[in-house]
Amino acid sequence: MLKINDIYAGYGEIEIIHGISLEVKEGEIVSIVGPNGSGKSTLLKSIFSLVDIMKGNIDYLGTDLTKLGTDKMIEQGLSFVPQTDNVFPTLTVAENLELGAYVSNKNLKDRFDLIYSLFPPLVEKRKKKAGTLSGGQRQMVAFGRALVMEPKLLLLDEPTAGLAPMFIDLILDKVVEINKTGVSILMVEQNAKKALAMSDRGYVLAAGEKKYEDSGKGLLENEEVAQLFLGG
Amino acid sequence: MTLGGIFSYLVFFLIFTGIYAVMTLALNMQRGFAGLFNIGIAGFWAVGSYTSAIMTTPPSAEHLGGYNLPFVLGLLAAGLVAALLAFLIGIPTIKLREDYLGIATIGIAEIIRLVIKNEEWLSNGVRGIAGIPKPMAGFLGHNYNIFFLLIVVLIIAIFFYLSEKGINSPWGRVLRAIREEEEVVKAAGKNVVRYRMEAFVLGAFMMGVGGALYAHFTSFISPEAFKPMQATFLVWIMLIIGGSANNFGSLVGALLTWGIWTGTEFLTGMLPAAYTTQASALRVILIGVFLEIILLSRPQGLFGEKKYSASSSKS
Amino acid sequence: MAVQLFLNGVILGSIIALGAIGLSLIYGILKFGHFAHGDLMTLGAYFAFLFKVQLALPFWLAFILAAMLTALVAIILNFVLYRHLRKRDSVIVMISSVGAALIIRNIILLFWGPQNKFYDKAIQMPIILGDGFLRIKENQIVILILALILVIAVHLFLTRTKLGKAMRAMADNIDLAQITGINTERVIIWTWAMSGVLTAAAGILLAFDTHLTPVMGWNLLLPLFAAVILGGIGSPYGAMFGGLVIGISQEMSTLVISAAYKPAVAFTIMILMLIIKPSGLMGKKVS
Chain A
66 MLKINDIYAG YGEIEIIHGI SLEVKEGEIV SIVGPNGSGK STLLKSIFSL
116 VDIMKGNIDY LGTDLTKLGT DKMIEQGLSF VPQTDNVFPT LTVAENLELG
166 AYVSNKNLKD RFDLIYSLFP PLVEKRKKKA GTLSGGQRQM VAFGRALVME
216 PKLLLLDEPT AGLAPMFIDL ILDKVVEINK TGVSILMVEQ NAKKALAMSD
266 RGYVLAAGEK KYEDSGKGLL ENEEVAQLFL GG
Chain B
6 MTLGGIFSYL VFFLIFTGIY AVMTLALNMQ RGFAGLFNIG IAGFWAVGSY
56 TSAIMTTPPS AEHLGGYNLP FVLGLLAAGL VAALLAFLIG IPTIKLREDY
106 LGIATIGIAE IIRLVIKNEE WLSNGVRGIA GIPKPMAGFL GHNYNIFFLL
156 IVVLIIAIFF YLSEKGINSP WGRVLRAIRE EEEVVKAAGK NVVRYRMEAF
206 VLGAFMMGVG GALYAHFTSF ISPEAFKPMQ ATFLVWIMLI IGGSANNFGS
256 LVGALLTWGI WTGTEFLTGM LPAAYTTQAS ALRVILIGVF LEIILLSRPQ
306 GLFGEKKYSA SSSKS
Chain C
6 MAVQLFLNGV ILGSIIALGA IGLSLIYGIL KFGHFAHGDL MTLGAYFAFL
56 FKVQLALPFW LAFILAAMLT ALVAIILNFV LYRHLRKRDS VIVMISSVGA
106 ALIIRNIILL FWGPQNKFYD KAIQMPIILG DGFLRIKENQ IVILILALIL
156 VIAVHLFLTR TKLGKAMRAM ADNIDLAQIT GINTERVIIW TWAMSGVLTA
206 AAGILLAFDT HLTPVMGWNL LLPLFAAVIL GGIGSPYGAM FGGLVIGISQ
256 EMSTLVISAA YKPAVAFTIM ILMLIIKPSG LMGKKVS
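Protein chains in written order, with the numbering used here: chain A, 66 to 297; chain B, 6 to 320; chain C, 6 to 292.
You can trust all of the hints, since none of them are fake.
Partial list, derived from the structure: chain C residues whose beta carbon lies under 8 angstroms from chain A:
no., residue
1, Lys167
2, Lys170
3, Ala174
4, Asp177
5, Leu181
6, Gln183
7, Ile184
8, Thr185
9, Gly186
10, Ile187
11, Asn188
It should be emphasised that the hints constitute simulated quantities derived from the structure, not laboratory data. Using N, Cα and C, we set each Cβ at its ideal position, and we do this for glycine too.
Make a model of the complete structure from these sequences and hints.
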């Protein structure tokens with residue numbers, strides 16, 4: 066459903082991604098892993114036009130994303146969860162979710178119910194300001210906000226960054242659970258082993274270039290990858 | 006107008022240009038080199054004016070002092086008191102985002118105006134201080150203004166030289182690096198707040214001296230003598246036209262802006278006398294529109310930022 | 006005496022609060038201090054003068070027309086100046102707003118002159134309560150009621166409408182708002198419009214309490230900023246609270262210091278806040 070073709074991207078004059086191609090098929094979980102500074106997040110952001118794209122195109126269900134505004138992307142079922150600062154701290158949990166549906170006018174009651182059933186701890190916090198929640202709960206709000214519009218493809222930028230260990234597995238389990246409802250997932254993740262273990266396929270990046278691509282299992286079993294990128 | 010008349014008007018014009026040039030060099034130290042946002046220039050100006058007036062006038066019952074000190078000591082004291090004031094404002098605000106400093110400087114300028122207006126023991130209130138001595142006035146007679154112009158030029162030369170010297174020193178390199186990449190400089194273990202504070206205080210010193218020059222030249226100052234926001238605004242226009250972080254540009258910017266400002270006076274002077282208020286309002290509107298056009302169309306000013314030789318990433 | 010000053014402070018505070026709400030939202034969303042806000046307030050008051058006195062329209066109509074016209078001016082300022090300068094250094098936008106302030110004030114001087122003006126020349130007899138214990142003018146009661154209605158309207162707008170929530174969201178985190186699909190440019194225009202309306206209302210109420218002068222708004226700029234910083238930049242509720250605190254402190258301060266130094270009170274509170282908690286009482290962290 067998503068095809069990145071030989072993309073070059075970065076900030077202003079600084080090119081960080083030097084020609085990467087990548088694909089996500091319907092229903093898949095795909096992970097992008099690699100060392101710090103390898104350009105994983107930049108690649109993910111380029112899909113949502115959050116960085117400058119110098120060359121290449123991104124095809125999503127037949128349209129070129131590099132020419133689409135954010136509101137149109139969301140209408141077409143694309144959603145992005147940033148790594149940090151991904152909730153509106155002075156708005157309540159319920160308001161955060163409502164804003165997830167900013168571009169639409171349809172009745173969203175069912176969607177909210179679904180999100181609360183996916184993240185039960187949020188139910189009793191719905192009137193609380195998002196800024197007062199714990200890191201794990203904030204991540205749930207961020208996920209919820211991104212899920213309101215019934216996305217077909219969810220982009221996750223390091224969903225476990227900065228979380229307490231007890232929350233890491235919880236959040237990754239939720240990612241699998243969301244995937245089972247029919248949402249394809251493309252995520253960048255620091256916990257490479259955990260991410261690849263749950264992924265259908267994975268890409269290993271280094272210095273802004275693609276080094277390996279294989280099934281999640283394949284990459285985990287690849288000795289070279291293990292030695293170079295997964296810490297032996 | 007006779008040739009002599011034109012000449013003496015030119016001298017008069019250049020003295021005012023020069024006083025504003027001192028202010029612009031000072032603002033360039035703060036804003037151009039250190040990125041600091043000071044919109045309370047009038048406050049430092051007034052403090053400089055009053056300090057020097059109090060220091061150099063003969064003893065008077067109407068205000069504090071005077072202490073009958075020489076002109077040079079008056080200038081020095083003006084600079085020091087303005088610098089002290091900058092230091093005090095800087096303590097709570099200089100480590101915060103630039104806009105806080107802006108708001109604080111506007112506030113302090115307003116409070117200084119209130120103090121000068123209300124504390125008669127200090128400043129003789131709204132009646133102001135008159136008879137501020139002009140150095141060597143007794144000897145020089147009617148060509149006095151030429152001499153005063155030389156004093157102004159000398160002060161500009163000193164400040165210009167020191168400013169260039171400072172900005173090309175290791176100190177100046179760190180300062181410029183802070184403006185470009187604050188985080189990198191912090192990571193290198195430099196005390197960013199201290200460097201900023203030093204630039205702010207130095208700039209304020211220069212403004213204080215500029216204010217003193219104004220007081221001695223006009224020999225009368227009062228809270229209503231000049232419009233604070235207008236003065237501050239003119240200095241900013243001068244800086245912006247000249248291009249930030251460019252001392253030479255600052256001087257040209259001062260000349261051009263003061264020229265245009267004076268020019269609008271000629272223009273509105275053609276209106277009948279009954280329209281004086283409207284005329285002065287029109288002048289401010291014109292210069293305001295002029296600034297906005299410059300900001301929109303030529304943000305780097307006429308001369309842009311001067312490229313200083315040594316790279317900032319060393320040190 | 007103290008009770009009377011407190012009441013005066015509440016009146017002044019409501020006026021400051023109205024002006025500060027818009028200033029705070031603009032500040033939070035666009036990340037710059039809008040130094041023309043005080044003069045926009047003056048402009049609103051003079052627009053109302055134009056409609057009520059010069060064109061002899063009823064007060065309520067003059068109020069609405071002036072508010073709309075001021076909103077329009079705010080939107081024009083955004084379109085002509087701030088929108089273009091925003092992407093650059095914030096100091097440039099702020100200097101541009103200082104320029105706008107001077108231009109507005111002098112346009113007012115040009116058209117209406119420097120003399121004080123009044124919406125109504127008739128002298129109002131204050132209502133005296135409790136044997137001269139408390140005096141309040143009819144106008145002041147109207148001011149308090151109107152300010153209260155406006156504050157409630159703002160509250161409902163910010164919490165019940167999509168647009169209002171989007172404004173608060175943008176003040177919180179503009180990048181996330183963009184990712185969420187909020188049409189940020191459109192919301193910015195509406196924020197200017199709302200600020201314009203509230204600022205005009207503040208100016209009109211101030212002139213209604215006393216009189217109109219070309220510097221009336223400029224003189225309130227420092228209290229406005231103090232209210233915003235006290236409440237926390239970007240927090241409309243903080244601005245309301247901050248406005249009341251500043252207004253009451255300024256009036257009550259005359260118990261201990263000379264009335265000439267009222268503006269210094271706002272400044273002092275602001276500096277204290279910057280030393281103790283720069284993010285304000287209800288704001289998010291300042292970097």
